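Protein chains in written order, with my numbering: chain A, 1 to 149; chain B, 1001 to 1329; chain C, 2001 to 2501.
Rather than coming from a laboratory, the hints here were simulated on the basis of the structure. These figures come from a predicted structure and were not determined experimentally. C-beta atoms are modelled at their ideal positions from N, C-alpha and C, and glycine is treated no differently. Take these hints with a grain of salt, some might be off.
[What the hints assert, rightly or not] Chain B regions said to be covered by chain C (calculated; three or more residues, Cβ under 8 Å):
1. 1045 to 1053
2. 1319 to 1329
[Stated by the list, open to error] Within a straight-line C-alpha distance of at most 27 Å, the following computed DSS-like cross-link-like pairs (lysine-lysine) qualify:
3. B:1171 with B:1157
4. B:1114 with B:1155
5. A:116 with C:2353
6. B:1114 with B:1288
7. C:2104 with B:1289
8. B:1289 with B:1091
9. B:1160 with B:1171
10. C:2353 with B:1288
11. B:1171 with B:1113
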Amino acid sequence: MVRVKSPQDLGAGAVFALIGVAGLYFGRELAFGTAARMGPGYFPTLLSILILAIGIIVAIRGLTTEGPPIEPVQLRPIAMIIAAILIFGVLIGVVGLALTALLLTVFAAYARREVKLTETILLGAGLAAFTVAVFVYLLGQPLPAWWGR
Amino acid sequence: MNIAPKWLLHCAGPAAALAAAVCAMTTDARAQDYPTQDIRFMCGFPAGSGADVLVRYMAEKVRPVANRTVIVENKVGAAGNIAAEHTARAKPDGHTVYVHAASAIAANMHLFKKPPIDAAKDLQIAAGVNKQPFMVMVAAGSPYKTLAELTAAMKQKGDKASYAQSNTSGKVMGELYKQVTGIKAVEVAYRTANDSLNDFASGVVDYGMMDPVFALSHTRAGRLRMLAVSTAERMQALPELPTMAEAGVPGVELLTWFAAMVPAGTPKPVVETLNKWFNQVLATDDAKKFLNSFGGDPFITTPEDGQALFRKHVKDWEGHVRAAGIEPQ
Amino acid sequence: MGFDLFQNLATGFGAAVSLKNLGFALIGCLLGTLIGVLPGIGPIPTIAMLLPITFGLDPLSSLIMLAGIYYGAQYGGSTTSILVNIPGEAASIVTCIDGHQMAKQGRAGAALAVAALGSFFAGCVGTVFIAAFGPPLAAIAQEFNSPDYFSLMVLGLVTAVILAHGSVIKAIGMVLVGLLLGLVGTDVNSGLTRYTFGISELWDGIDFVPLVIGMFGIVEIIRNLERSTLPRAQFSARLKDLWPSRKDFDASWRAVLRGTALGSLLGILPGGGAVLAAFASYTLEKKVAKDPSRFGNGAIEGVAGPESANNAASQTSFIPLLTLGLPSNAIMALMMGAMIIQGIQPGSAVMTKRPDLFWGMVASMWIGNLMLLVINLPLIGIWVRLLSVPYRLLYPAILLFCVIGIYSTNTNIAQLVLCAAFAVFGYVLLRFGCEPAPLVLGFILGPLMEENLRRSLVISRGDPMVFIERPISAILLAATVAVIALIVLPQFRKTREEAFQ
Chain A
1 MVRVKSPQDL
11 GAGAVFALIG
21 VAGLYFGREL
31 AFGTAARMGP
41 GYFPTLLSIL
51 ILAIGIIVAI
61 RGLTTEGPPI
71 EPVQLRPIAM
81 IIAAILIFGV
91 LIGVVGLALT
101 ALLLTVFAAY
111 ARREVKLTET
121 ILLGAGLAAF
131 TVAVFVYLLG
141 QPLPAWWGR
Chain B
1001 MNIAPKWLLH
1011 CAGPAAALAA
1021 AVCAMTTDAR
1031 AQDYPTQDIR
1041 FMCGFPAGSG
1051 ADVLVRYMAE
1061 KVRPVANRTV
1071 IVENKVGAAG
1081 NIAAEHTARA
1091 KPDGHTVYVH
1101 AASAIAANMH
1111 LFKKPPIDAA
1121 KDLQIAAGVN
1131 KQPFMVMVAA
1141 GSPYKTLAEL
1151 TAAMKQKGDK
1161 ASYAQSNTSG
1171 KVMGELYKQV
1181 TGIKAVEVAY
1191 RTANDSLNDF
1201 ASGVVDYGMM
1211 DPVFALSHTR
1221 AGRLRMLAVS
1231 TAERMQALPE
1241 LPTMAEAGVP
1251 GVELLTWFAA
1261 MVPAGTPKPV
1271 VETLNKWFNQ
1281 VLATDDAKKF
1291 LNSFGGDPFI
1301 TTPEDGQALF
1311 RKHVKDWEGH
1321 VRAAGIEPQ
Chain C
2001 MGFDLFQNLA
2011 TGFGAAVSLK
2021 NLGFALIGCL
2031 LGTLIGVLPG
2041 IGPIPTIAML
2051 LPITFGLDPL
2061 SSLIMLAGIY
2071 YGAQYGGSTT
2081 SILVNIPGEA
2091 ASIVTCIDGH
2101 QMAKQGRAGA
2111 ALAVAALGSF
2121 FAGCVGTVFI
2131 AAFGPPLAAI
2141 AQEFNSPDYF
2151 SLMVLGLVTA
2161 VILAHGSVIK
2171 AIGMVLVGLL
2181 LGLVGTDVNS
2191 GLTRYTFGIS
2201 ELWDGIDFVP
2211 LVIGMFGIVE
2221 IIRNLERSTL
2231 PRAQFSARLK
2241 DLWPSRKDFD
2251 ASWRAVLRGT
2261 ALGSLLGILP
2271 GGGAVLAAFA
2281 SYTLEKKVAK
2291 DPSRFGNGAI
2301 EGVAGPESAN
2311 NAASQTSFIP
2321 LLTLGLPSNA
2331 IMALMMGAMI
2341 IQGIQPGSAV
2351 MTKRPDLFWG
2361 MVASMWIGNL
2371 MLLVINLPLI
2381 GIWVRLLSVP
2391 YRLLYPAILL
2401 FCVIGIYSTN
2411 TNIAQLVLCA
2421 AFAVFGYVLL
2431 RFGCEPAPLV
2441 LGFILGPLME
2451 ENLRRSLVIS
2461 RGDPMVFIER
2471 PISAILLAAT
2481 VAVIALIVLP
2491 QFRKTREEAF
2501 Q
C-alpha cells in the first residue's frame, strides 16, 4: 500500500495531469503544422504535454516526499458564495439590481453558520439602495434597477 | 354550474371589441409616445476601444435630440454577434438600439458555422452612422507612390513579399487583391493594427490592408502612406485618394459602415424617429469633423436604403469569405 | 538642453496651473480614484465611462482631466489590491501578494501610504523622463519587432517563476496552465477557434477581469469564511499605525528606486509594459532581499517596488504616444482616441506646433500625481476605518461590488459564470498548494508570446535563427538564460550541500 506522503502534491499533480490530458483531447483537431510554420495546434499541444509531464512529476513527488496535508474542505462557504454569484447573474436581467442585490446579500450571508436574518435583510436592503443610487442613477451603468427592463 | 347571467354574455362581445380597440390605440399611442423610457445603445466592442468611443459619442449627441437618457451597454463577444442576438430578441419598441458595423454583422453570417440570428431578417437598419473604407498602406519610406507601382514591384518579389492585416476585412481585401493581380505575397496577421507599425517601419512587411483610424493617424504622423481606398467611390474625407478600381485593381470593393440597428418588428414610426435623430446629429459640423478624424464619412440614409445595403452585404460576404479561404467557425 | 528643458517645463506649468485646469485635474483624480476603487472596474472602463464628460472641454483641460482619471483609477486599483485582494488591473496583481498580507496584519495604512509615496516619487521621475528623454527612448521602442517581443515575454515568464514563494515546479505548472488558458479563443494567425467548445462567449477568449476577480478576490472571501473566527482588522486611530514606521521607510526606499528604474524603462515598450515592470520589480526585490522568506507574508518591499514600477511605467507609457503618436497599450489607445476627438493628432508635430499642449500635459501629469497624494493620504484613514467594519457585514458588500463591476463592463451572464468557475478552480489549486499569481502572468503574456513567435517565423519564412540574429532579441534571451541559472544554481548548491552532509 503506497502511502501518500504529500497529499497537496498528489492533488496538484492530479489537477495538472487532468488539464494536460484535456488540453490534448480538446485540441486534437487543431492542425499541428511544423516548427517553421506552426499551426494553431502547435503551442497548445506542446503546452498540454508539458503540463501533463509536470503533473506526473508532482504526483510522484506526492508519493515520495513529505509535505503538508490538505486543509479540510468546508462546503458551506464556497457553495453559498458561488450560488450568490450565479443568482445575481441569472436574475439581474430579470428582476433588476435592487432585488438581486438583496438576494446576493442573503445568500452570501448564509455562507456563515450563525446568521441573523433581520440583520442580513437590513444589510441587503441598504446595499441595494446604495448600489442602485450609485451605479444606476449616478454612474449610468447599464444595470436595470427593477424588473421589466 | 353557474352560467353567467345573460346580460353579461351580451356585453362580452362589445366589451371585447372595445378592449381590443383600446389595446390597439395604446400600442399605437405608445409608438407615438416613443421614447417612453431610457434608450440603450448596445455596443459590441469592449469599453475603451475605438468603436466604443464612437458609440459613446453618438449616445452623447443623440441624448439632447431625443430628450432622453441614452445608456451605452457593452455586450462583448463573438465579433459582435452576442450583442446582435440580444438586440434581435429584445422588445421591438425602439429602446434597444445596436450601434455597430452593419458590414461586420453581415460578414458574421458567413464567418460563423451557426450564426445565432439571420441578420437581414431579424435586424432592421434604423439609420446609418458612418462609412469607412479600408486602405492599402505602405511605409512612408517605401519607394512606391501609387498602387500600380506597388503591384508591379510585388509581382517581382514573388513569395518574398509580405503584407499586414489585423482585421477580417483586411484579410479579405488582401486575398482579393492577390487574386486579381496574381501577386504571391505572404500574409502576416496582427491582433491589433498598432502591432504592425514597427514591422512597416523596418521593412519587414511591404504593404498592408489596414483600417482607416490606424491609416489616418499614422499617415498624418508621417510614418505611413496611403495608396488607395477599398470602396467603390472616393471618400469625402479623403478626396485625393483613388479607389483601388481607379488605381488599376478592379473587383476589390469593401465598405465598412456603422449603423443603428433595431429588432425586425419595430414599428415604422419608431424607426422613422430614430432615423430622424441620427440624421440630425450626423448633419452637424461637429459630427462630420469627429467622423472624418476617424477616417470615415457621415452616412445619412433612409431605413429602406440602409436595409437594402444590409441585404446586399450579407450576400456579398458569402463570396468574400469563400474567396479569402476563411473557414467558418 | 538643460535650459530648454527648464523653459519648456515652465511653459507647461504655466498652462497647467491655471485655476480651471487645476480644478479639472482634481475632479479627474477624485472621480478616477472613487471609481477605480470599485472592484471589477479598472482604468479602461473608468475612462470610457467618464470620457463623454470631457467632450465639451477644450483640448488641454480634457487631457488633464483624462490623465487625472487614469492615475486615480490606477491608484484606486492598488487600494483594492491591498484592502481586499482584488487587483484593479493586471499590474496590481503583484501588489495583492504582500499588500493584502500587510492589511491582514493590521498594517494596511502603512501599505497604502508606501504605495502612494512610492507612486508619487516614481511619477516625478517618470515626468522628468518624458521631458528629458522622451524622443530617444521612443526611438528605442520603435526598434522592437516580433522576435524581440517574443524574447521579452520569455524573460518575463521566467521571472514569474521566481515570484512564487512555494514550490518552484508547481509555479512552473501554474505558468503553463495560464499560458494554455490564454490561448482559448480565436487564433490570430489562422482564424480558427481554440478550446471554445462552440460557446460564443469564449470566441474572443477568456476575459481578464472575471478570471482575476474569481481567483483572487472571491477565493479570498471564501477562505476568510472558512476560518473559525472571521478576520477583524485591528483598528487603531493612532496616526503612528496609519503611517509607515521608520523601519518600513528604511526597507522601502531602495525598492522604490529600483522599481522606478524598472518601470520607467519597461513602460515605453508596447504591450504588457506595466505588468512586466511590476512583476519584474517584485522578483528583483525578492532576489536581493536578505530574507526572501518574508515575501508573501507582508514584506513592504513587495508593495513599494511594484507600486513604484507600476506608476513609473504608466508615466513613461505616455512617451510613445506623445512623441510619436504611437499608443503602447489599450489605455493609451483610448487617450489617443480622446486626443483625436479634440482635434489633436498626437505625434512629433504636437511638440513643435502646440508646445503648450505637450508641455502642459507633461506638467499636469506631475500635478496629477501630487493631487493623488493629497487626496489619497487622508483617505487612508477612511479606508482603514472601513476595514474595521465587522467582516460579516463587509464581505457581502465586497462580493456585490465585484459582481456589479464585472457585469457593468460586459452585460453577459457568461462573465459571472466564468468568475464563479475560476473561483472554484483557484480554490482547489490553492488547497493543493499552487499560487494564482504565476498563472495570471502566464495568462497575460502567453498569447502575446505565441503570437509573436509565430509571426516571427512567418516573416522569417521559418528561420529560427532570427531570434539570435536580432541584437535586442539575443540580449533578452541571454538574460533569460542568466535568470534561469539564477534559479537553478542555488538549488544545485543546496542539493550538493545536502549530498555532502
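For each hint, the structure was consulted:
1. Here's how the stretch 1045 to 1053 of chain B fares: 7 of its residues keep a CB closer than 8 Å to some CB of chain C, so the rule of at least three is met and the hint holds.
2. Counting residues of the stretch 1319 to 1329 of chain B whose C-beta sits closer than 8 Å to any C-beta of chain C gives 3, which meets the bar of three, so the coverage hint holds.
3. Straight-line distance between C-alpha atoms of residue 1171 of chain B and residue 1157 of chain B comes to about 20 Å, which keeps the hinted pair within the 27 Å bound.
4. Our distance criterion of 27 Å between C-alpha atoms is broken by residue 1114 of chain B and residue 1155 of chain B, whose separation comes to about 38 Å.
5. Between residue 116 of chain A and residue 2353 of chain C the CA atoms are separated by roughly 66 Å; this puts the pair beyond 27 Å, and the hint is violated.
6. For the hint pairing residue 1114 of chain B with residue 1288 of chain B, the CA-to-CA distance comes to about 37 Å; that exceeds 27 Å, so the pair is violated.
7. Our distance criterion of 27 Å between C-alpha atoms is broken by residue 2104 of chain C and residue 1289 of chain B, whose separation comes to about 53 Å.
8. The suggested pairing of residue 1289 of chain B with residue 1091 of chain B is violated, with an alpha-carbon distance near 34 Å, which exceeds 27 Å.
9. Simply put, residue 1160 of chain B and residue 1171 of chain B have alpha-carbon atoms about 18 Å apart, close enough for the 27 Å limit, and the pair holds.
10. For the hint pairing residue 2353 of chain C with residue 1288 of chain B, the CA-to-CA distance comes to about 24 Å; that is within 27 Å, so the pair holds.
11. For the hint linking residue 1171 of chain B to residue 1113 of chain B, the alpha-carbon distance of about 19 Å falls within 27 Å, and the restraint holds.
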